[in-house]
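Chain residues, written in single-letter form:
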Amino acid sequence: MSETKQDDALSPLGDTTGEFQLALEESGTGNYLLRLYVSGMTPNSIRAIENIRQICAEHLEGRYQLEIIDIYRQPIFAKEGQIVAAPTLVKELPPPLRKFIGDLSQTERILLGLDIRTKR
Amino acid sequence: MAETTINETPVLEILQKCPTGIKGLDEITGGGLPLGRPALVCGGTGCGKTLLAMEFLVRGATEYDEPGVFISFEEKSEELTKNFASLGFDLNDLAARGKLLLDYVHIERSEIEETGEYDLEGLFIRMGYAMDSIGAKRVAIDTIETLFSGFSNEVILRSELRRLFRFLKDKGVTAVITGEQGERTLTRFGLEEYVADCVIFLSHQVANQIATRRLRIVKYRGSTHGTNEYPFLLDEQGFSVMPISSIGLDHSAPTDRVSTGIPRLDSMLEGKGYYRGSSVLVTGSAGTGKSSLAAHFVDAACRRGQRCLYFAFEESRNQIIRNMRSIGLDLGQWVDKGVLEFRNSRPTLYGLEMHLVVMHRAIEEFRPAIVVIDPISNLLSAASEMEVKSMLSRLIDYLKMKEITAFCSALTVGGGEGGRTEEGMSSLMDSWILLQSLEGAGERNRSLYILKSRGMRHSNQVREFCLTDNGAKLQDVYVGSGGVLAGAGRIAQEAREKAEALERSQEIECKQRDLERKKALVEARIAALRIGFDSEEDELERAISRGKLHREVVTQDTLAMGRAREADATPPPEGNAPVSGKRERR
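So the sequence lines, in the order shown, correspond to chains C and W. Under this note's numbering, the first residue of the first sequence is numbered 27, with each subsequent residue one higher. Under this note's numbering, the first residue of the second sequence is numbered 5, with each subsequent residue one higher.
It cannot be assumed that every hint is accurate.
What the hints assert, rightly or not - Below, computed lysine-lysine pairings styled on DSS-like, alpha-carbon distance capped at 27 Å:
id: 1; chain 1: C; residue 1: Lys105; chain 2: W; residue 2: Lys173
id: 2; chain 1: W; residue 1: Lys80; chain 2: W; residue 2: Lys276
id: 3; chain 1: C; residue 1: Lys105; chain 2: W; residue 2: Lys86
id: 4; chain 1: W; residue 1: Lys80; chain 2: C; residue 2: Lys105
id: 5; chain 1: W; residue 1: Lys393; chain 2: W; residue 2: Lys341
id: 6; chain 1: W; residue 1: Lys175; chain 2: C; residue 2: Lys105
It should be emphasised that the hints constitute simulated quantities derived from the structure, not laboratory data.
Sequences are here, hints too, so could you generate the full structure?
In structure tokens:
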């Protein structure tokens, strides 16, 4: 099933991902669901937000959804997202799930990890 | 909240302690873990770290009303719940009542990509959130070292760990952090450098194929603590540590007595039996009746309504009951009534220390007045002599402290005195009864004597110890020129004596009859003589009277003649008259 998802990225996903699938279908913005968990406005947080925005703008234009969550304000998300380090970027979709920790300054590694093939 | 303070160290700020509620641990730590600080529990795989951490929380929640948070890096919440259900801890129930919160922190190296500067704020927030949501007073983290496998930047990790422990201190929670044992260090990643207040080390050693779990307090800053290795037990009731260092010699000494169950043995002990709370040792070679003596003691105690705990290392419960029935003791009824309980185990089942722990716990649970250990010497097979001695002294001290009468039997090899067992134990025991086999005349007989009995004037006599259908009986042995005789020898000797006595009495009777006869004979003779004499006397008297009569007649005749002749001569004087009178009668 996971193969299907990867091959046919825009098609509806399996039931397992329930909500996200619906969200994706409705928004129609693309197949990348990214969540960035930050802990308040620390220098690391600010850098991470800037970096991910830049990466998304450059490589995932029009096919991503980015949520930024402040776990200080919403600590429950830290538990649900199994967050240990901050900042953490979670690639919820497409599978497999990946986590990027740190200020996201190492763009190359992130692109590799996000499986973005088309590099410019 | 039960806080214990200790006064040993003259510091201004007395270290406050948080009782763990774990059996024995609070005793050796002098009240518990340092309150509001993290403590490190380290040890090898499967030594019980997680269990200790969890029990700390569960006891806190159930006994001290202190909610706790369990941060698990290794097992998922469901797994933990399942694992601890077998120990009787209902984690779901505690969680539902807001007493316990399980948080599983999932760290998967393959999912994580490090892309620059980071910190572990996520973990802090989660922990902080979890603690705040139930107002946690206790925290357990199991095992934080998993972080080292999930993150590669050790510099960040170490600084974050330091921050974590500060964070826990600031939160004022008492925390138990577990750590895996390292090769040369206490923990693989040196957690001990962060947790400096209290370090507890758990080990699981195997010696002579017997595994023993032990606990040691490596460090406890600002507090005195037991420094030994203490064995502990993990079982369906959780964790129990045995504070086995000798408790001291200040136990009370009751003066009342308990019957031995054998009247004549009681009478050998001033007619009252053993002192309550004393320790009794019965030694003897195989088959001398040690267990029977124990059974009598137990039976008598149960009859009085005292609870007895019987540790049997040789026989099963049913076997003991069956065997004792053969000497007329029904121990089964006491088991049914709940005053007697058997704990049977093989000595090699676990190490000596473990036996001690198990016995301790059984005693704590059952609260007996009398404890029987049958036989104590079998424990030797589980350990060295020195260990046995130290274990026994701790056990005896413990029993004395509880004023429990201890009855221990010990098997001696060869039947002589001063076997290996006794050397180690005799000084610990208050009363020592020796059962021996007396061999002679082609048979073996049991004998009993009291080698010592502290604080009472006991009999110095050897008694024959007979096992009859109606229980054990003590009999006087035959002591005489032929030495000490027992059994058939004694019976034969008694019969011989009886025969001799009979013979003697018959002889006396015979002589008496002889005497009677002689007496009768003499008397008969006397009677015959008297009869002869009487007839002779009669005859003589008749002759005399005849003579007298004759003389009178003559006198009369003479007088008549004189008168007739008118003679002037007077008759002879009257003095002869009686004689002549008598003659006259003749």
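Here's how the hints hold up against the structure:
For the hint linking C:Lys105 to W:Lys173, the alpha-carbon distance of about 22 Å falls within 27 Å, and the restraint holds. For the given pair, W:Lys80 sits about 62 Å from W:Lys276 by alpha-carbon distance, which is inconsistent with the 27 Å threshold. Straight-line distance between C-alpha atoms of C:Lys105 and W:Lys86 comes to about 21 Å, which keeps the hinted pair within the 27 Å bound. For the hint pairing W:Lys80 with C:Lys105, the CA-to-CA distance comes to about 13 Å; that is within 27 Å, so the pair holds.
As the CA atoms of W:Lys393 and W:Lys341 are separated by approximately 35 Å, the hinted pair breaks the 27 Å bound. Only pairs whose Cα atoms come within 27 Å are accepted, and W:Lys175 paired with C:Lys105 is accepted, the gap being roughly 19 Å.
When held up to the earlier numbered hints, the structure conflicts with 2 and 5 and fits the remainder.
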